[in-house]
Structures are given as C-alpha cells and as structure tokens.
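As you go down the protein sequences, you meet chains L, P, X and U in turn. For reference, each letter of the first sequence is one residue, going 1 to 282 in the working numbering. For reference, each letter of the second sequence is one residue, going 1 to 282 in the working numbering. For reference, each letter of the third sequence is one residue, going 1 to 282 in the working numbering. For reference, each letter of the fourth sequence is one residue, going 1 to 282 in the working numbering.
To be clear, the hints were calculated from the coordinates, so they are not data collected in a lab. Treat the hints loosely; a few may be bogus.
Pairs involving identical chains hold if they fit within one copy or between any two copies, as the list cannot separate such chains.
Said to hold, decoys possible - Cut-off 30 Å, straight-line C-alpha distance, at most; resulting in silico cross-link-like pairs (BS3-like, lysine-lysine):
id, residue 1, residue 2
1, Lys19, Lys88
2, Lys210, Lys149
3, Lys210, Lys5
4, Lys19, Lys129
5, Lys270, Lys86
6, Lys262, Lys3
7, Lys5, Lys52
There are 4 protein chains.
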Amino acid sequence: MSKLKLVELTDRGIRTRIKVGDITLGEDFVVIAGPCGVESEKQTLETAEAVKAGGGMMFRGGAFKPRTSPYDFQGLGLEGLRILEKAKLNTGLPIVTEVIDPRDVSWVCEFADILQIGARNMQNYSLLKEVGKAERPVLLKRGMYSTLKEWLNCAEYILAEGNLNVILCERGIRTFETYTRNTLDLSMIPAIKELTHLPIVIDPSHGTGKLSLIEKMSLAAVAAGADGLLLEVHVNPCEAKSDADQQLNPGQFAALMQKILKLNHFMQDKAFKSSITGGDIQ
Amino acid sequence: MSKLKLVELTDRGIRTRIKVGDITLGEDFVVIAGPCGVESEKQTLETAEAVKAGGGMMFRGGAFKPRTSPYDFQGLGLEGLRILEKAKLNTGLPIVTEVIDPRDVSWVCEFADILQIGARNMQNYSLLKEVGKAERPVLLKRGMYSTLKEWLNCAEYILAEGNLNVILCERGIRTFETYTRNTLDLSMIPAIKELTHLPIVIDPSHGTGKLSLIEKMSLAAVAAGADGLLLEVHVNPCEAKSDADQQLNPGQFAALMQKILKLNHFMQDKAFKSSITGGDIQ
Amino acid sequence: MSKLKLVELTDRGIRTRIKVGDITLGEDFVVIAGPCGVESEKQTLETAEAVKAGGGMMFRGGAFKPRTSPYDFQGLGLEGLRILEKAKLNTGLPIVTEVIDPRDVSWVCEFADILQIGARNMQNYSLLKEVGKAERPVLLKRGMYSTLKEWLNCAEYILAEGNLNVILCERGIRTFETYTRNTLDLSMIPAIKELTHLPIVIDPSHGTGKLSLIEKMSLAAVAAGADGLLLEVHVNPCEAKSDADQQLNPGQFAALMQKILKLNHFMQDKAFKSSITGGDIQ
Amino acid sequence: MSKLKLVELTDRGIRTRIKVGDITLGEDFVVIAGPCGVESEKQTLETAEAVKAGGGMMFRGGAFKPRTSPYDFQGLGLEGLRILEKAKLNTGLPIVTEVIDPRDVSWVCEFADILQIGARNMQNYSLLKEVGKAERPVLLKRGMYSTLKEWLNCAEYILAEGNLNVILCERGIRTFETYTRNTLDLSMIPAIKELTHLPIVIDPSHGTGKLSLIEKMSLAAVAAGADGLLLEVHVNPCEAKSDADQQLNPGQFAALMQKILKLNHFMQDKAFKSSITGGDIQ
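With the rest of the complex left out, here is chain L:
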C-alpha cells in the first residue's frame, strides 16, 4: 500500500486545531453528547437542554441511522435534521450528525457543524471523497474491523480531497469478548498522537455498550490524553429506539461531566506534560 502523506505528524510537530463555535478541537477538551437517534422533537430538544445544562459542548444525534436490519428504525432523515436545527437554536450547541450517502453530503452540511462518518462506512470511499470536498470538519469513526493503518488511510482519503479538518474517533473494535459490546482500544490515543497531527476523541458508549462501564472508560480516556469524548445521552434511555443499554440519563451525564472536567483539569498539571520517553506530549 502507498505511504501516507498528509495525516502524518511531521518533525515540526504541529497539530491540527479545528475551531467549531467557541470550541477549538485539539486544544480544548470537548464533550459531544446526545441521543443515539433523533426520535422525536420532544425527545431531542429535551435531551439537548440536558446536555447543555450538564456542561456538554456539542450536541450529537443521528437523523440517518445505519441499522443491521432493514426493518429497524432508520432515522427521521430531513425531519430529523430540522429538529437538530431547532436544538442548536435553543441551546447554541454545535451539531454533530452522521451522513451515510454521498448524495446527501452537500445538503446535510446546511444542518451539521461536524459531519460524522460511522464505523460501518469507514471504508466507503465514495462517501469519504465527498466529505473530503465539504466545508465541514469530519469526525471519522474507526471501523469495528479496522487496523490503525486502514483507519489512517481513510483519513488520508479525506485530506487528499482538500478537507484538512478530520477528527478521529475510537469507538471499540470487534473481538471475541462478549461481555462488552466492543473492545474499547484506548491504546489508540497515544498511537494516534505519535503518528498523526489529528485530534482523537473516544466513544465509550459504543466502546463498551454497558452503562456501568462508561464512567471508568471516560476517565481512562481523559488520563490517556484524548482530545474529547462522544457520549450517548437520552432524556429517557428506557424508551430509546436504539442503544437503550448504553445511554446516560441527564443526571448521570451531569455527574460524569463533573468528574471528567475535574480530571482533565488535573491532567493539565505540568507534571504530566513531558513524556518519560522524551519529548513533549500534547
């Protein structure tokens, strides 16, 4: 396979910073939170308020849901995007939402502040090329079966089209273990940092699939140097049409935010700033 050209960290060590609203990704720690799917206006707007109140910095929600079965809830589509627009209007939170078809990219950009590429579409090269031409940052999830090399090459597809604003997202890989939904591979945080200049965020909700494990994996991600987290939050998780077992309720989210911010603040201490193997860590 050909070499990477654009995503690699150079000797100059300059890292990508992506400004979205008030947040500078890669510099400020970012928590992107919201429901797995946009199910209704009420559910979405209430969850957005809860995310805002709890301290979340961006709002996420899927209008297009790639589902294993064709008979499962597929998302509200354009109607869902309009609801997300209202959520943004109400809360001021930037919107992160998934796009799954290259034909949708241009008009989804009118609603999204960040375009998400889901795990199943990581190697959908037509889609990657299309978001590579879009004027929105792209959050690129790692495929559940994807090596680090393949993942970085997918980022390279996007950068090669001119869009330099890519955020990588580790969301767990598929292994033989069945206690967790996926195996969250936190070693990708320092690996991404040593190989590329792109920011990396962690999704412990999909990464574990278990409410009881999300808190500890969130804190671990902070300690390992992640640039942010992607958390599923739902006003009423029991009624969620997808991912019911892994969505935080508003109270849990707010409590977790306190811990995340407290730990992240502590990790800024200069004691943690230089690497034991030499050189600064960012």
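Following the hints, position chains P, X and U against chain L.
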C-alpha cells in the same frame, strides 16, 4: 434486531435460481473468473480469452477498485466498463463487476450482468438499497468482520427493495492468523444452505491470498456444496497492479477448472444427495 | 523467534508416516471417532462397537476433561482409561486419549496408542516436553487462538525432545462469528502440507459445534487433502455430559463414513495428484 | 457451563484484601516491576535496586520463561530463583515469579511471595489446581484468547481448592490490530469490579508491546480504578533476551512512578468515590 423475512428458507424448501446468459445460478455450478482489476484493454481481453478457453462461465474484473490507500490504482472507471463490454462481445461471457457508489448503479447496469458489492461495502446501506432497485442480480460479498446474521440482513436489505436475485459470496474473514490473507470460512456453505434459499459462491483467491492454497480450497468448496467459485485470473500475474500474489495464470486456471469440474460431477452422485441428519441436501 | 529446524518439509520431500496398529497415518486415510468424554463403561463400550461397525479406524474418548468450569464433569480419570482398555480389547481399535498433566504422561501411555494434547494445552510447554519423551505418537491440536507459526513451534517442542511422531489437528479457531462454535480453518491443510512433513487431521465436530455442518466440512476436508478426521460419536448424544450438540449418533456416523470413504477413494484419482502450481501434492 | 460460586461479588460487597509484606493488595495501589526474564545475577540485582529506588513495591522476574520457540532462552530455572532470593534480600521487595509446571509449585513457593500464572497457562487446569493448594497468593493473567467468563472460571478453579488470594491481571488480548502487540482491554477493570471481589492489576508492557504507549496506558489504568500495575523494567533494555521493545529503563520507570502516584493520589478525592450509576465504587 428485527427478524429476517425474505431471505429465509421456508418449509417448502424452494431455492432461488438465477438465470444469467446460459447459466442458471443455484442449479449449474458456476465459475466466475477474471483479473482483480481492469488495467488495460490488452490485459483484460487476453485474460477474458483465457478464461473462456479454460472453461470459465462468467468474466469478472473491477473497473472501480476500493483501495486501502487513496494513492493506489483506483481502477479505470467508465473506460474499464467499456473494456469489459468488449470482453463480453469477444467471448460471450457475462460480466460481473463491482459497484461502489449508489450514484453509479443505474449506468453500471448497462455494462454488468451481475453487480458485485465488495466486502468493504457490505453494510453500505445506501448502496444496498440502490442495487435493490436495479434489474440485475447482485453478488453480495461477506464483510471481512461480519457475522452470518449481519450478512443475511444485508441481503435482506436488497430483497426488501424488490430485487430477489442475490448471490452470497464468502471471501474470507479477518482473524489473527497472518499466514493467510484472510480465513476462508467454508462452514458458511452448509450454514447458508440451512438458513436461506440463496445461492452461495466461494472466493478462494481473496479467501487465502496465497496462490499455493487456492487449488485445495476450491476443491473443498465444491465438496462442501458451494454453487460456484470466484477466481482471480490474470494473463500475467507478476504485472498485476493489485493482488499479484493470488491471481492464477491461464495455464493454472485451465488445470484447476478440469479438477473442479471433475469433482463437481462426482459430487452429483446420488450417494451424496441425502443428508446424514435427514432430509435432502441441495 | 528462532527458526524451526525439525518440523519443516525439506527439499527431499519426505513425509512422516506413523504406524499405529494396522493403520499408517500419513498414508492411509484415518477416521478417529468416539465420544467427547468417557462417561460410563456401558456408554463407552457401546460407542466403541458402533465406531467399529461404522468403519472407524481408531477410538477416541476423554478420561481427563479440561472443562471451563471447575464444577462441570471432569472425566473419570484412571477408571476412564481402564474402560478405554476394555473398548480396545473388544474392538481391536487403537485408543486416542487426552493427557493434561505432565505427571500423568508415563502411565497414560500404558493405555493410549496416541496421546492427545488439547487446544487449551497447546502452549503448555512442560506437557509438550513430557510427551516429547514418550514412546507414543502425539496428536497436537491447534490452540483456538494460535497462529500457524505458534502451532508449528509447539510441534517443534515435541520433536526436539526426540519424539518424531506428531500428528497435527485443526479444530477450529475462535473468531467473532457466533453461529458456529469455532471457525474451522481448512486452509491449514495445504498450508501444513507445504511447510511441514507432518500429517494433519481435521476435527469438524469442535470445528463447527453444530451437527448439521459436520457432514459437509468432513467432505471438504477430504477434498482439501487431509490425512484424516476426528469425529465425535456417542451412542446417545442427547444424554452426553459434554458437547451434546455436536456428537453424531451411530447411524449418522456410519452414513458419513460411507461418503467419506467414497470421496477419499475418488480423490486418489491421478487427475488430482499433481499440483496446478507445479510439483506433486501428497 | 456451571455457575461461579466463589469469585462473585456478593450483596455485602466485601472485597478481597491480600497482605504481602507491607502492602495490602486491593487496598494500597501496587506497582510490581522488574525484568521480563532473570538473565543474570548482575542484571537482576541492578534492576531490583532500580525498582526499589524508583518506588516500585514488588519485584517481578521470570526464572521459567514460556517461549514460542523451543530454541529461545527458556529462563535460568532454580538458579534464577536463587537470584531472585538475593534481590529480595538486598531490597526487601516481595518477589512475584511465574510457575509453569504443577511439579514445581511446592518448591517455587519457597522463593516466591506471589505465584504468577502466565497467559498461555490460564487454562492449564492441573497447574491451577496445584496453585489452588499453595500457601501463596496467585496472580492470574488473562489468556490472550480468553473471555471474561473463562478467566473468572479459572480463578474459580483456584479458589475452589482453598486458595482465596487471587489477583487478576489483564495483559492484553489478541485481535487483528498489529500496531500494538496485543489490545489492552481496560474495560475489564470496571467489569471485574462489578462482578467479583478480587483485585485487578494491569500489565501495559505486554498489553501494548510498545515502549511509547506504556505511560499513557498506565495512567489510564489508574484512572479506571485498577488496583495496581505490572511493569517491565530492565537496567539495559537493549540487551534484554526477551521483550526488548517494551521494557522501561530505570530513569523511565522512576519518572513514570511519579506520575502514577500523583494521579492515584488525586483519584482518591471523594469526588470520584460514588458511581454515577449509583452505589459506591471501590
């Protein structure tokens, strides 16, 4: 996840038969052969002649190549499809070619007798829905990290749109083993036969990634009851722009065809027709 | 890791032949059959008679059962070995049985014609060294998460101690697929043949874990050139204390033997004797 | 499989505490450090001094090395244990060392404060039963192919023999990813805490196999609530006979210890003490 409705084998036991040219897939054993990629007119037409001469029943070749790196050969696109058209004109062999973008489906149908969905796009639901509306049979490869359930649900996506002519293709799954490129999962042959009415073909070229293993895995697939094989053949494998290690040369292909046909003929013996666990096997 | 020295196939191409009773392993196709565990004298002796009557060449049964839970049936130990001794006396079939503790090797040899090393103990080097000093052939199962390289190195451990009579056994590897208990990796047959001089047998019972898939995987193994099969047979599978879902009853076993022998006879045809990639295949 | 009886966390929530020297495992955060293998007296004693000076609480080193190839360094055996004895005499640090053969357990106990069961022997039930009878705590590594359920059942084997002092150790599982040697599964920390009363330590050295990733994974483990760490340290990693790429030198170890202790101290803050999903976390 919701239940399958359309791909499941019913009590009546009727299996899908797909007529393409002179071949009835699901009834006649089919060997689909050709190069990984359409690289030039000369290479393609010569390989097509070799496939025809060796006894191949259909010709395959990629005009769109989903490649790990954006800097690797991406295929000739429309020009490649025109070359495939000539190959069909010269040899009479039906064309099997991959489509990777939902926007291409309608016009690729003008060149393809069977549309191939590659392993990386198995869960590209936009693409699945589009080929579900096309008037061409679809060869659906198993994703390299896909369970049988997920694979069947992807077939269900296609059938749910009205296209009932789906051929499943096992091409190896990703495991920890590195001696082979993938691990060819031949147990999917009887598994598919007991769960669905769809035909299944095996791709030992990608399934092993090693020239020296293709012969034995082809014969094993025949003995296990596969409906056909997908084999990579190239007039000059050493010069191939992709998959150089796993393409047969014309002489190897012709020699293998003899063995495949001989064994397949033998397996029609009535001694193999009824299952040891009861009921007929098809 | 250091290089293999003893298991590799040399240019002279001489393959290991292991004589056990009337059978020459590596030359004659061998079917080793019997229950997962020795549960009682009645069950074992009746199954042995059924194996003999059905055409099995060797009898297998576990007196020591490595079980996931300490509270599950652990085998009858010495009493089990004495029952196996009677089974041999009654039927004349050589005995294949597992040894799990290095302290047991010397006295288990008094009852066993072939010592089996199970998948969980593949890298139990103390045990490997001990059976390497024993005067009995060793059937070495591939670990469920072992690469080909690791497996061959374990065989090397045995040969390095002086015991040259090792039979490799592929029994399925652990993957993400859950429809089958393991993923049976038949590509190991030609891989083992091109790398080593040792015989290889296939265990489709553990390899699939599903009664309905065993027949086809057995035939596939024959067509791929395996030297033999390991099949679980039980006079009354429903009452088995372990592996109830994957044991053949006597009628199924006899019917399968007919097909296996018929196909194996056919595969001896000279049409299959020379490889398409050059050189003889053995 | 039968149910677990002894390792499960009961409603009373009492957790196992294991006193070794001055340390109470499960209460005090423990760092166990030392070379992969005991290679010579000089290397071992100097490393032990460095571990002591750097703040390590226990000393580890292998006298018996389970190696993939029979021709690789297999450890110094009894001589190695005598060297470990001197290291303890010099530094006062308790010794953690691996036992790989059931016949060795009783006399290895004379040199070891904690017996280690390595990943390859996790399901070596003869060995588990033997250490279950020993009067030393057991550090049980997770097999590289083992589910949480299987791992806990192996602990159950030890407890069922009467030895209640088991420490679990996550050391990475085998996946398709090749950038790291293994995939370190930190989600096991909260999973073990919610299912069992046993302490869990993390081995980021084997878990990543890459020096540059160990620091961040160590901190992540602390934040996730691990009871301790297992770190490979060597006075001169370049000259190590095994695991040369993943051993810290004394300076790196000392620097890492500072960060680990600082973070661990911070995590004792009461802000982190109650779980967001209810109940205390320990």
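Hint by hint, here is what the structure shows:
Taking the closest pair of Cα atoms, Lys19 and Lys88 come within 30 Å of each other only inside a single copy of the chain (17 Å); across copies the shortest separation is 53 Å, beyond that limit. Taking the shortest alpha-carbon separations for Lys210 and Lys149, both the intra-copy value of 28 Å and the inter-copy value of 16 Å come in at or below 30 Å. Taking the closest pair of Cα atoms, Lys210 and Lys5 come within 30 Å of each other only across two copies (24 Å); inside a single copy the shortest separation is 38 Å, beyond that limit. In this homomeric assembly, Lys19 and Lys129 come within 30 Å of each other (Cα to Cα) only inside a single copy, at 22 Å, whereas the closest approach across copies is 36 Å.
For a Cα distance limit of 30 Å, the shortest separation of Lys270 from Lys86 qualifies neither inside one copy, at 41 Å, nor across copies, at 38 Å. Taking the closest pair of Cα atoms, Lys262 and Lys3 never come within 30 Å of each other, the shortest separation being 40 Å inside a single copy and 40 Å across copies. Neither within a single protomer nor between protomers do Lys5 and Lys52 lie at most 30 Å apart by alpha-carbon distance, with minima of 38 Å and 42 Å respectively.
Of the numbered hints given earlier, the model fails hints 5, 6, 7; all others are met.
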